[in-house]
Structure formats: structure tokens, C-alpha cells
Amino acid sequence: MKVVVLASMTILLSVFTPVTVAQMGGDGAWTTYSGSFASHRFSPLPQISPANVARLRPAWVYQPPGTGSMETTPLVTNGVMYLTWGPTAVAALDVKSGKSLWEWTRPIAPSVLNLGFPRVNRGVAILDTTLYVGTLDGYLVALDARSGAERWSVHVGDNPSGHAITAAPLAVDGRIIVGVSGGEAGIRGFLDAYDAKTGKQLWRFWTIPSPGEPGSNTWPGDSWVHGGGATWLTGSYDPQLKLLYWGTGNAGPDWNGDSRLGDNLYTSSLVAIDIETGKPRWHFQFTPHDVHDWDANQIPVLVDTEVGGRARPVVVTANRNGFFYALDRKTGNTCWGRPTRSRPGQRASIHRAVPFWSLGWNPPKEGPSCIPASKARRTGRARPTARRPASFTYRFEKWGRFTTRRRSSTGRGRTTPAAPRSGWTRNPGARCARST
Amino acid sequence: MPRLSALLPPAVLLLLTAPLSAQTRSLAAAGASDLASGQKIFDAQCAWCHGAGGTGGNGPNLQRATLRQAANDVTLVQIVRNGIPGTEMPSFAIALTDRMAWQTAAYVRSLGRTRARPLPGSAERGAALYESSGCGSCHIVAGRGGVVGPELTRIGALRGAPYLRDALIKPAASHPPGYLVVRATNADGTEIRGVRVNEDVFWILLRDASGNVHTLEKSKVSKVERQLDASLMPSYETRFSGAQLDDLVAYLAGLRGDQ
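Keeping their order, the protein sequence lines are chains A and B.
Going by the numbering used here, the first residue of the first sequence is number 1, and it counts up by one from there.
Going by the numbering used here, the first residue of the second sequence is number 437, and it counts up by one from there.
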């Protein structure tokens with residue numbers, strides 16, 4: 001039986017050679033979460049084609065321990081595949097045999113919180129001879145790619161207050177960029193950059209401005225403290241403009257915006273961030289004052305294309321609000337934005353390609369949400385996938401607040417949503433809304 | 437790993453019931469017979485990982501006054517009974533009664549009181565010797581080094597000084613689990629010798645002395661020889677003087693992974 005495998009799997013001797021930044025835009029290996037800094041999520045390797053795909057057979061099976069879902073995007077370079085599973089574990093596999101070269105598991109106690117997302121890990125970053133992985137308990141760990149030995153670890157976000165890392169870090173020019181999960185727990189979201197060699201923090205971009213900062217007038221009172229805006233998927237990078245493009249998640253509280261009247265910047269937005277300083281260059285908010293959990297963490301795809309007869313660098317993204325957007329990469333100006341599907345029963349009109357609704361507007365009975373697009377390089381067409389989940393919302397007469405409890409054993413603060421009985425801010429129908 | 441429940445007849449387990457108050461008594465109050473019982477259990481159940489007399493192995497060396505995971509007597513008894521979730525320390529809750537766990541913990545505590553004399557060598561000179569002798573080309577300490585031999589970042593917490601000295605003098609006699617030396621002969625007569633990284637029915641993966649991984653398909657290899665008594669590490673018995681070995685052991689014994 002002839003088995004079709006990727007070209008890189010034919011390597012017999014896996015001599016370890018360092019992965020350089022230059023390779024990350026390359027075509028063969030898959031050395032970063034979305035395949036390249038431009039995040040096309042498309043492999044140009046021609047060995048698998050429509051003609052032979054029906055004849056693919058398993059070459060090997062690797063079974064990680066445990067049950068639970070696996071959301072990893074494996075990296076493949078120099079005959080080794082690096083993959084992860086939950087809550088926080090990494091393995092290096094020999095691609096020829098599927099046998100592991102090493103496995104690394106971080107002990108994660110059952111008490112480690114994952115509020116609003118599963119106990120998963122989405123992958124690693126690699127630079128030179130080091131792998132970088134985020135942990136469910138809120139650390140960034142550097143591992144020796146040859147052996148899995150720990151080189152350093154750094155505390156990124158406090159887990160007892162709802163922070164966790166599930167996203168794959170992004171390695172850029174000697175920096176490791178890492179985002180956090182926890183928007184449903186009412187964290188104040190951020191994106192961090194660390195020195196790849198030492199783990200020293202280089203900058204932090206808060207996705208929720210504090211009082212006095214630009215955008216802070218979109219948050220009444222102290223609602224910014226629990227504003228959400230998690231950075232739970234890996235973004236993209238333009239090496240010419242030296243800008244990171246990173247999506248942000250829902251505002252907190254998630255399904256009811258009564259305590260945070262305003263646009264709630266920079267939640268449900270795409271933010272272009274200066275790689276040197278961590279300062280935002282521009283932002284585009286897809287859903288102002290989001291009350292539908294319409295995160296904008298979908299992976300931004302960078303393309304150079306013609307818009308209105310003029311070559312422009314654009315970023316395209318399929319947003320969870322059901323619109324597909326093309327924005328100018330330098331300015332954030334809208335090139336165009338279109339609904340991907342009709343939205344029965346929706347009253348919203350389009351205002352600068354953002355679905356517009358007034359406060360108190362009820363969610364539609366039915367509406368599509370989008371998950372990451374991939375770009376087929378040969379046809380030049382982006383391929384977003386859409387689904388049409390049913391959605392319904394409960395409203396309590398009295399809404400709760402995020403409360404801070406003290407943890408006696410550690411003395412650390414613990415911020416979690418109040419229990420449903422006292423008016424939990426999370427919509428009890430959310431589970432149904434997302435699973436159907 | 438053999439469990440106590442698998443080794444003892446059920447009747448013995450039924451007889452070994454003890455008052456609950458045993459668990460709360462100070463471990464220092466244990467008499468000679470309690471310690472003897474504790475040692476018996478330790479030798480059968482714990483020495484597999486922690487070494488005979490608690491000198492260390494896959495599990496940490498226990499011949500120390502303070503144990504990182506067990507700050508007090510109650511925690512130590514709990515760990516003996518219930519293990520440490522998220523680590524390789526398993527639960528013995530089914531196998532051990534409260535009294536047996538208490539006796540075992542008392543014996544573990546006694547190991548810390550009979551701690552060995554201070555080591556004769558200088559850790560500082562040992563560190564310099566480690567650098568100048570190129571130990572780091574095969575071993576990792578704190579994220580730096582080669583991958584042919586085992587990582588040594590926490591070796592001082594895992595192994596006692598006598599073991600470390602033996603490993604330097606006779607590496608082949610004390611090589612750790614997971615470092616089996618294999619010599620594979622290809623059909624064309626060429627040989628690859630290295631440490632086994634992984635193996636199943638179809639494949640064997642070897643890491644040679646240069647750190648390169650070889651993926652070998654067993655059906656295409658004419659011979660696979662497992663060298664149970666071999667190590668890729670050379671003996672330092674004649675390369676170093678006795679004083680130098682003392683220095684190196686003092687350095688290694690101080691590596692606890694806590695910098």
C-alpha cells in the first residue's frame with residue numbers, strides 16, 4: 001500500500017537546525033501557528049491533491065494521554081512535529097514514525113480555573129532551539145526543543161482571578177507575543193511581549209484603557225476594571241510595517257451590557273500594535289457594545305491586493321458578527337465590509353460596515369457566526385466558513401456584579417462572576433446558543 | 437509499579453486496622469517498632485522510586501530535614517496516603533491503613549534526622565570543573581547544555597552524594613532508566629550506537645553521541661543489540677583525582693532546581 005505523506009516526512013535523520021525568523025514566511029515547513037506571519041493558513045506543498053486525497057491512509061497514530069478536546073495546530077520543522085494538548089502538555093514527534101522524542105506535562109491542579117473556555121492548549125511557538133508554550137495557570141514557559149527541558153518560565157496572568165493561556169504564542173524578531181483568555185471571568189485583557197532569550201517583559205498592551213487613556217470614555221465608572229477583551233487566538237504580523245494585528249474578545253460582562261453602557265473599546269476589535277513599543281497604531285471595532293459574545297479573535301489574514309484599481313496592503317477577516325471585512329493595513333480604514341449571509345429578522349443597518357444597533361436592541365433569533373478564514377493562494381479567494389446557530393437570551397430582573405473574594409490560604413484575591421442565583425451576568429442560554 | 441494491595445494477601449490487609457488517632461500523632465513520637473514497620477513498608481513500596489534508605493531515584497532524595505512538598509507532619513502523612521496529584525507520586529490510599537501511612541511517614545522523617553555528614557568537596561570548584569570538563573555538552577543544567585545525557589537541573593534533589601559519586605566512577609553500573617544503550621546494524625553492515633529514545637514493534641529511535649536522532653525501521657535493520665551494561669558516558673575514575681570527584685559531587689548535590 002502506497003502511503004501519501006508530506007514531503008518533510010521523508011527525512012530519515014532529524015538533525016536539529018535552529019528555526020530562524022526568515023523561515024517563518026517560508027513555504028515548506030509550518031513554523032508558526034498560522035503557517036506564516038501573514039496567517040494564510042495554507043500549505044503550498046502539492047503532494048496532497050484533489051486527485052489523490054481519497055487514497056490517503058493513516059501512516060501512524062499518536063495517542064496523547066487523557067480525554068478532552070484537542071485544539072492544537074502542530075508545528076513541523078526538520079522532521080519533528082511539535083503539538084500540544086490540554087490542560088498544558090507538549091510533545092515532539094518524529095514525523096517518520098510518529099514516535100515521541102519527548103513529552104512535557106505541566107502539573108495543572110483541578111482547581112485551576114477555566115471560565116468560559118475548555119481546558120485546551122492551541123500550540124507552541126518556535127525560535128532558534130526554543131519552544132514557547134502558554135500554560136492554563138497563566139505562565140509562559142520556554143522549553144529546549146531537543147529535549148523538552150525547561151529554560152525559563154514567567155508569570156503572565158493571575159489564574160485565581162480568571163486569567164489563563166490557551167493561545168499559541170507568536171515568535172517575532174526575538175520577541176514572544178502572548179495573549180490571554182478569561183473574558184468571561186471579567187479579566188482586563190492584555191497582550192504581552194517578552195524577550196525570547198531571557199523571558200523579560202518588554203511591553204504590555206491593555207485591551208481596555210484605564211481612566212484618562214484614549215477610549216476610556218467608552219467605559220462608565222469602574223466597569224473598565226472587568227472589561228474583558230481577551231486575546232485568546234494568535235494574531236498576525238507585517239514585517240514591513242512592523243505592526244502586529246491582533247483580535248480582541250467580548251466585553252465583560254458578556255451577555256448583558258447594562259453595566260457598561262458605551263462602545264467598550266477595544267473589545268470585539270482588531271488592533272494594529274507597534275511591535276517595538278506595544279502601542280496601538282489603529283483599531284477597528286467590529287461590534288461596538290457587544291452583547292452577543294461576538295469575539296473578534298478570528299485570525300487576521302494579510303494580503304496585498306487591488307482595491308478600487310489600486311494596489312493596497314489589506315487585512316481581511318471574517319468576523320463573528322457575520323460580516324467579512326477588508327481593512328487597510330496601514331490605516332485601519334475600511335476597504336469594504338459585507339454580510340456573509342442574510343440575517344432574517346435582523347433590524348440592524350450597516351454603518352461604516354459595522355452592524356449598528358441602538359442600546360436595548362434585542363439579539364436576532366437567528367444569525368451566522370464565522371470562524372477563521374483560510375486563503376487559497378492559487379485562486380486568491382478567501383474561504384470563510386459560516387454557521388447559523390440559534391440564539392436566545394434570558395434577562396434577569398436584577399443583574400449581578402463581578403465580585404472579589406479573598407482566598408484565605410494564599411491571601412490572593414479571587415475575582416469570579418457571582419453565582420447565577422444572585423444574578424450571574426452570563427446568559428444561562430449561552431451553552432445552547434453556542435452548541436446548536 | 438507494584439502496589440501494596442497486589443503484594444499482601446487480603447487477610448493481612450484486613451488485620452492491619454488501626455485507630456484513626458494515629459494519623460494526628462507527632463511523627464517524632466514514633467517508637468522503634470513503628471519505625472521498623474515503616475521501614476518495611478518503605479523498602480517494599482517507596483524504595484522503587486525514592487531509593488533504599490531514601491537516597492533518591494526517579495523520586496526525590498528524602499534524606500533531608502525539610503521536604504519541599506511536606507512542610508509538616510500532617511502533610512507528609514497525607515502525601516504518603518494520597519500521593520501528589522499532577523506528579524508521578526501515586527496514591528496508596530487503598531493499600532495503606534492510617535497507621536501504616538503514619539509509620540511510613542515517621543520512617544521518612546527519621547531519614548532526615550540521620551542526614552549524612554557535610555560533603556567534603558567544594559561546590560564552587562566543582563562548578564568550574566563541570567564547565568572546563570565539558571559536562572554541559574551532554575547534560576542540561578537550568579536550560580543550558582546538550583541532550584545526550586539526563587538533565588541535571590534538579591539532580592541534587594533527586595540523588596544522594598554516594599549515588600552521584602558512583603555514577604561518575606562507574607556510569608554503566610548506575611545509568612538511569614530511559615537511557616538504554618542500543619547498537620543497531622543496518623543491512624549494509626553500518627552500525628548506529630546510541631541511547632534509545634523510543635521504540636515499538638516497528639520502529640526504534642536512537643540518539644547518537646552527537647545528539648542526532650536516527651529513526652530506524654526494524655524490518656530494515658539486521659540486528660538490534662541492547663547493551664544493558666553500557667553507558668555513553670565515560671568513567672571519570674582515572675580522569676579526575678579523588679579531590680576533584682569530591683568537588684564535582686558537592687556541586688551536583690547542590691543542584692536543586694530552585695535558583
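Since the hints were made in silico from the structure, they are not lab data.
Since the structure is predicted, the reported quantities are computational estimates derived from the model, not experimental observations.
Do not rely on the hints blindly, as some may be mistaken.
Which residues of chain B face chain A? A few of them, derived with a C-beta cut under 10 Å, are [claimed, not checked]: (1) Leu471; (2) Pro521; (3) Arg580; (4) Asn634; (5) Trp639; (6) Val649; (7) Gly693; (8) Asp694.
Reference listing, derived: stretches of chain A covered by chain B, where coverage requires no fewer than 3 residues with Cβ under 8 Å from a Cβ of chain B [unchecked claim]: (9) 146-154; (10) 266-276.
Every residue gets a Cβ at the ideal spot worked out from N, C-alpha and C, and that includes glycine.
| Restraint satisfaction for Arg580/B [CB to CB of chain A, less than 10 Å] | For Arg580/B, the interface hint holds, since the closest Cβ of chain A sits about 8 Å away, which is under 10 Å.
_When I compare C-beta atoms, does the stretch 266-276 of chain A have three or more residues closer than 8 Å to chain B?_
Per the Cβ count (0), the hint is violated.
Legend entry - Interface hint outcome for Trp639/B [beta carbon to chain A under 10 Å]: With a closest approach of 4 Å, the Trp639/B hint holds.
Quick one, is the Val649/B hint okay against chain A at 10 Å, beta carbons?
This hint holds: Val649/B lies near chain A, its Cβ roughly 5 Å from the closest one there, short of 10 Å.
Exercise for review: With chain A as the partner, please determine if Leu471/B meets the hint condition of a C-beta pair closer than 10 Å.
Suggested key: violated, 31 Å
For the stretch 146-154 of chain A, count the residues whose Cβ lies under 8 Å from any Cβ of chain B; is that count three or more?
holds (count 6)
**Q.** Status of the hint placing Asn634/B at chain A (closest C-beta pair under 10 Å)
**A.** holds, 4 Å
Given Asp694/B as an interface hint, is its Cβ closer than 10 Å to any Cβ of chain A? With a minimum Cβ separation of about 13 Å from chain A (threshold 10 Å), the hint on Asp694/B is violated.
Does the CB of Gly693/B sit less than 10 Å away from some CB of chain A? Cβ of Gly693/B sits 9 Å from chain A, so the hint holds.
Once the shortest beta carbon distance from Pro521/B to chain A is found, is it less than 10 Å? holds, 6 Å
Against the hints set out earlier in the document, violations occur for numbers 1, 8, 10.
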